[in-house]
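Undergrad: Sequence:
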Amino acid sequence: MSMAVSEQQIVDFQRDGAVLIKGLFAPWVETLRAGVARNMAEPGPYGSENVKPGEKGRFFDDYCNWERIPEFAEVVRQPAVAAAAAALMRSNSVQMFHDHVLVKESGTAKATPWHQDSPYYFVEGQQTVSFWSPLDPVKAASLRCVAGSHLWEKPVLPLRWASEQTFYPDPSAYRPVPDPDAEGMTVLEWEMEPGDAVAFNFKTLHGARGNDSGINRRAFSLRLVGDDARYVERPGRTSPPYPGHDMQPGQRLRQDWFPYLRGSA
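For reference, each letter of the sequence shown is one residue, going 1 to 265 in the UniProt record's numbering.
Calculated directly from the structure, the hints in this document are not laboratory data. Take every hint as true, because none was put in to throw you off.
Listed next, with one range per pair, are the computed distances between beta-carbon atoms: (1) Ala-26 x Arg-90: 21 to 31 angstroms; (2) Arg-90 x Pro-45: 33 to 43 angstroms; (3) Pro-137 x Met-40: 17 to 27 angstroms; (4) Glu-49 x Ser-6: 34 to 44 angstroms; (5) Ser-48 x Ala-173: 17 to 27 angstroms; (6) Gly-54 x Trp-257: 38 to 48 angstroms; (7) Pro-113 x Pro-53: 10 to 20 angstroms.
DSBU-like cross-link-like pairs, simulated, lysine-lysine; straight-line CA separation at most 35 angstroms: (8) Lys-56 x Lys-203; (9) Lys-139 x Lys-22; (10) Lys-154 x Lys-139.
This structure is a prediction, so every number in the text was calculated from the model and none was measured. Note that beta-carbon positions come from the ideal geometry of N, C-alpha and C, so glycine has one too.
Go ahead and model the full structure; you've got the sequences and the hints to work with.
TA: This is how it looks when you write it as structure tokens:
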């Protein structure tokens, strides 16, 4: 077990679908800041601006860049991070899925919409974990997670962040996006320092408020899967899409594209 993760944190993660891990990425904050600067200067094919014309601020995100940005590759390969993931998932193996950068500049009113990551992905399983680590101090712009939502039977309708249109053609297969505050759900959120991390299951409903803190909010996310994760087909183009992967339903993710960071198949 990773020294960064306690048995109580594992229990909390399994029960609530989200937990705070203090200082998990602290040794690599400057490395990640350099990587985010490189990513914003040289966006990849999936780089996106999520603020509509006329809206105030800037909300940049991009993913699947770790193999071309050496600062991200350095952090992805850290044994301590994989050990923390294995402990939280209660998994022998840890496999890379993708990286994700989210930068919400000061004065950006747009909230990160409530969503689950799992419906966008072509992977299913309960042994999954995302680490969301801010590279700046955060209070009101911190990640917000709905406790226990990773255990809901029906997934939440995935939407496109910029247009707010339905991601797949048949919305009846999903539950409507809830309003956790209005509906009295238990929302977990933490004030965080650079290098802290919220660990959450791919199926955990989460979002974030706009950023009126006076400083930019840079965040690095790392998405990882464990022993029970398998490829699944969705009713449309997934995000990330990974064209040409040639995987079949029920297979583990191909390890030449999604390498093992700990253990093996």
